[in-house]
Amino acid sequence: MKGYTIDNGVIVINREFTELDLFVKSFIDILKKHANYLIVSGFVSISTGRTRGTEDIDILVPLLPREKFSALFKDITDNGFWCYQSDSADEAYTYLQGMSSIRFARANEMFPNIEFIPVTEARKAKFYELNHPQKIKVDGLEFNIPPIEFEILYKEIVLAGKKDIEDARHLRAFFKDIIKESKFKEYETIIRSESR
Amino acid sequence: MKPKTDLDYVTLYAEKLGKDNSLFRQQKMLIESQMQASSSLFKNMFSKRDFKKCAREYLKRIRLI
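For the protein sequence lines, the chains are A and V, in the order given. Using the working numbering, read the first sequence as starting at 1 and increasing by one per residue. Using the working numbering, read the second sequence as starting at 1 and increasing by one per residue.
In short, the hints are calculated from the structure, not lab data. Note that the structure is predicted; figures quoted are calculated from it, not measured. Take these hints with a grain of salt, some might be off.
In the EDC-like style, the derived pairs of lysine to aspartate or glutamate whose C-alpha atoms are separated by at most 20 Å in a straight line are [as the list claims (entries may be wrong)]:
1. K124(A) / D87(A)
2. K16(V) / E16(A)
3. K4(V) / D56(A)
Coverage of chain V stretches by chain A, computed from C-beta distances (three or more under 8 Å per stretch; other residues unrestricted) [stated by the list, open to error]:
4. 2-10
5. 24-35
In this text, a Cβ means the ideal position worked out from N, Cα and C, and glycines have one as well.
Just chain A, with the same shape it has in the complex:
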């Protein structure tokens, strides 16, 4: 069977769940009740078969008002997670207000962890991808990732480490039947505006 199929615009990856998928599911089942989100970076490549490890799952989330964030924080910490930075929602929020990430892991665990990355309109590329997600599904778990062409370019232009170039190459090869050159042109302008 092919590695993936497309079903009504959703990329369906034809594989079984891993423990890493379960970890992600347990977090986004809580998160999506409170906020929009986008999974980016390493997990995008790994969920599509890239054979490497990761210690964190990067998730973009719009910067929420304090009260909404407090409700989300409580839901996360009441449901088996802890925050690296603080047990206090207010203290954790000060990081987000300063546009710094915070991290969550399962209780009594360090890795994997969720890197919770705040996004506002000032972060043009991240704001764009957050609001133009591609849906992807693995064994019934549906989640949001950037458009594949966007993720490829972001890795090649902004991140550009050895691992990122390899991740981008994986995505280019795995999805070669569906990626569109016209999208690369469209997204490159947006991505370069952030990398300046």
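Based on these hints, arrange chain V on the given structure of chain A.
The following block gives chain V in isolation, referenced to the frame of chain A:
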């Protein structure tokens, strides 16, 4: 294509995976063994009673927080 560089191997593997989903089984084994190893390492490093306190001290030392 005869792979020569790391990128060539990445391309070769991704193209094969696109055609044959049975290769995902290897990936699942790798991911889960890494998770088990990591979990075991930190459980042994930190006492369960003071896990967060110990973990935060460690994270400050490695400048992750």
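Against the structure, the hints:
| no. | hint | verdict |
| --- | --- | --- |
| 1 | K124(A) / D87(A) | violated, 31 Å |
| 2 | K16(V) / E16(A) | holds, 17 Å |
| 3 | K4(V) / D56(A) | violated, 30 Å |
| 4 | 2-10 | holds (count 3) |
| 5 | 24-35 | holds (count 10) |
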